[in-house]
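K.L.:
The primary structure of each chain is shown beneath.
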Amino acid sequence: MKGVRSNKMEHLAPVIEVGGIKFDLAGIFMIVLTSLVVFILARLAVRNLSVDNPGKLQNFLEWVVEFVQGIIGQAMDYKKGRAYLGLGLTLILYIFVSNMLGLPFGIVTEVHDGHIPTFFGQPLVVEGAHEHVAFSWWKSPTADASMTMALALIVIILSHVQGLRQNTKHYLQHYTRNPNPLFLPIHLIELVSKPLTLGLRLFGNIFAGEVMIGVILGMGWIGIPAMLLWQGFSIFVGAIQSFVFVMLTMVYISQAVVHEEDH
Amino acid sequence: MTLNLANFFIQLIAFAILFWLLQRYAFKPLFGVMEKRRQMVLEQMESAQKNRDEANQYIEEQRQALQQARKEAYDIIEQAKSTGSKQADDILKAARSETERLKEEAARDIENEKNKAVAALKAQVSGLSVLIASKIIEKQVDEQTQQQLIDQYLQEVGNKS
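Line order of the protein sequences matches chains F and A. Residues 1 to 263 in my numbering are what the first sequence lists, from first letter to last. Residues 1001 to 1161 in my numbering are what the second sequence lists, from first letter to last.
Note that these hints are calculated values from the structure, not bench results. Keep in mind that a hint or two might mislead.
[As the list claims (entries may be wrong)] Here are the simulated PhoX-like cross-link-like pairs (lysine-lysine), alpha carbons at most 25 angstroms apart as the crow flies:
{"#": "1", "chain 1": "A", "residue 1": "K1081", "chain 2": "A", "residue 2": "K1071"}
{"#": "2", "chain 1": "A", "residue 1": "K1103", "chain 2": "A", "residue 2": "K1093"}
{"#": "3", "chain 1": "F", "residue 1": "K79", "chain 2": "A", "residue 2": "K1028"}
{"#": "4", "chain 1": "A", "residue 1": "K1028", "chain 2": "F", "residue 2": "K56"}
{"#": "5", "chain 1": "A", "residue 1": "K1036", "chain 2": "F", "residue 2": "K79"}
{"#": "6", "chain 1": "A", "residue 1": "K1103", "chain 2": "F", "residue 2": "K80"}
{"#": "7", "chain 1": "A", "residue 1": "K1122", "chain 2": "A", "residue 2": "K1135"}
{"#": "8", "chain 1": "A", "residue 1": "K1103", "chain 2": "A", "residue 2": "K1116"}
{"#": "9", "chain 1": "F", "residue 1": "K56", "chain 2": "A", "residue 2": "K1036"}
{"#": "10", "chain 1": "F", "residue 1": "K194", "chain 2": "F", "residue 2": "K80"}
{"#": "11", "chain 1": "F", "residue 1": "K80", "chain 2": "A", "residue 2": "K1081"}
{"#": "12", "chain 1": "A", "residue 1": "K1114", "chain 2": "A", "residue 2": "K1103"}
{"#": "13", "chain 1": "A", "residue 1": "K1081", "chain 2": "A", "residue 2": "K1093"}
{"#": "14", "chain 1": "A", "residue 1": "K1071", "chain 2": "A", "residue 2": "K1086"}
{"#": "15", "chain 1": "F", "residue 1": "K194", "chain 2": "F", "residue 2": "K169"}
[As the list claims (entries may be wrong)] Ranges of calculated distance between the beta carbons of each label pair, as one might list FRET restraints:
{"#": "16", "chain 1": "F", "residue 1": "Y78", "chain 2": "A", "residue 2": "E1054", "range": "46 to 54 angstroms"}
{"#": "17", "chain 1": "F", "residue 1": "V251", "chain 2": "A", "residue 2": "R1038", "range": "22 to 30 angstroms"}
{"#": "18", "chain 1": "F", "residue 1": "Q166", "chain 2": "A", "residue 2": "I1059", "range": "51 to 59 angstroms"}
{"#": "19", "chain 1": "F", "residue 1": "M227", "chain 2": "A", "residue 2": "M1040", "range": "20 to 28 angstroms"}
{"#": "20", "chain 1": "F", "residue 1": "K80", "chain 2": "A", "residue 2": "R1038", "range": "18 to 26 angstroms"}
{"#": "21", "chain 1": "A", "residue 1": "L1003", "chain 2": "F", "residue 2": "T118", "range": "19 to 27 angstroms"}
Note that CB positions come from ideal geometry on N, CA and C, so glycine has one too.
Please take these sequences and the hints and turn them into a complete structure.
P.N.:
The following block contains the structure:
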């Protein structure tokens, strides 16, 4: 994301270009940070595993596990869906943590007199003309469509692969015979729209939240109550979106994998 | 909104790595522990059920034992009562026959003593009467008559014997 370009006080994404490929440094930094936070959290939770006297973090992680088990159980037979427990857990933890990470603060570096900073010998790319350039280094990884689409594509490809592997005949017939061949175009549209909606829903929600935070910040001191409200609402939205993402993941997988008799 | 392809692939790889790491170092041990706890709960429930069954069995056994003991105690008391009354009867009977015997003995003794006393009295009376008689006679009979009397008596005695 390169921000909204009409505003004078706009925040750009710090992008460098290496060999013709553009790297969004803030995005990479936040991906690594979020992954680290999730991994450290999980490691802390399983540090002193105990069968009969679990610690607080272990209890929390077990609660998450049971929560995801519940989601899977709603979408399909749990015996079949148990294989996706790890995926669902990783997704919900990663998305939730990244949704939360973007909320509390931002790191912005401002550039004066046209001295564009360089990274790994590469200058940050500034497209267009700006009187005043500032780079935003802190955002949710999920506030970037390229990252959410990656997650969505993992899920969608996984669901199709699993459908082909475990449910070959019915999975293929589903396109041509459900309920008759005339519906094939609709199925093809669905094929494309599923990853788009899955990825863009998450991106849109979180990105909108962060844009809103930026707008409220622009209001100055008056914005503090609105900020409190919006932060609270963003926590809620972030939690809901991580839940929805995992829920839809399991629904899509079950649609592809589970063969329903009464078609 | 532009898609940054590099970040797209970095996210793919990062997520794959994170998934692998979590699966290997966090979820596997956690699932193991959760499974273990599930087993433990199952076992404990089973053993609780078993204990309860055993307890019920013990209670039943105890109840039967108590019943048995009560019955035995009742029997013992009954037996004691009957032997007690029998003994009392025996003792009474023995006492009664003893008194009977004692009474008879006493009566017999009394009879004996009476006979003895009568005999002794007879002897003494005859002695005394002889004595008195001799005293009276002593004064009136001279030597000659006396000799006659003695002879007469002797003769009488001789005739009698």
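K.L.:
So, for every hint listed, does it hold in this structure?
P.N.:
Hint by hint, here is what the structure shows:
1. A:K1081 with A:K1071: OK: A:K1081 and A:K1071 at ~15 angstroms, within 25 angstroms.
2. A:K1103 with A:K1093: Holds, because 15 angstroms separates the two Cα atoms, which is no more than 25 angstroms.
3. F:K79 with A:K1028: 17 angstroms, holds
4. A:K1028 with F:K56: Holds, at roughly 19 angstroms.
5. A:K1036 with F:K79: 18 angstroms, holds
6. A:K1103 with F:K80: Not OK: A:K1103 and F:K80 at ~111 angstroms, beyond 25 angstroms, violated.
7. A:K1122 with A:K1135: Since the Cα atoms of A:K1122 and A:K1135 sit roughly 20 angstroms apart, the hinted pair holds (cutoff 25 angstroms).
8. A:K1103 with A:K1116: Within the cut-off at roughly 20 angstroms; holds.
9. F:K56 with A:K1036: Roughly 18 angstroms separates the two Cα atoms, so the pair holds.
10. F:K194 with F:K80: Holds. F:K194 to F:K80 sits at ~22 angstroms (cutoff 25 angstroms).
11. F:K80 with A:K1081: 79 angstroms, violated
12. A:K1114 with A:K1103: 16 angstroms, holds
13. A:K1081 with A:K1093: 18 angstroms, holds
14. A:K1071 with A:K1086: Satisfied, since the Cα-Cα distance of roughly 22 angstroms is no more than 25 angstroms.
15. F:K194 with F:K169: Between F:K194 and F:K169 the Cα gap is close to 21 angstroms, so the pair holds against 25 angstroms.
16. F:Y78 with A:E1054: 46 to 54 angstroms: 35 angstroms, violated
17. F:V251 with A:R1038: 22 to 30 angstroms: 27 angstroms, holds
18. F:Q166 with A:I1059: 51 to 59 angstroms: 54 angstroms, holds
19. F:M227 with A:M1040: 20 to 28 angstroms: With a Cβ separation near 48 angstroms, F:M227 and A:M1040 fall outside 20 to 28 angstroms, so the hint is violated.
20. F:K80 with A:R1038: 18 to 26 angstroms: Distance hint for F:K80, A:R1038 holds at roughly 19 angstroms.
21. A:L1003 with F:T118: 19 to 27 angstroms: Because 25 angstroms falls inside the window, the suggested range holds.
The structure fails hints 6, 11, 16, 19 (numbered hints given earlier, in ascending order).
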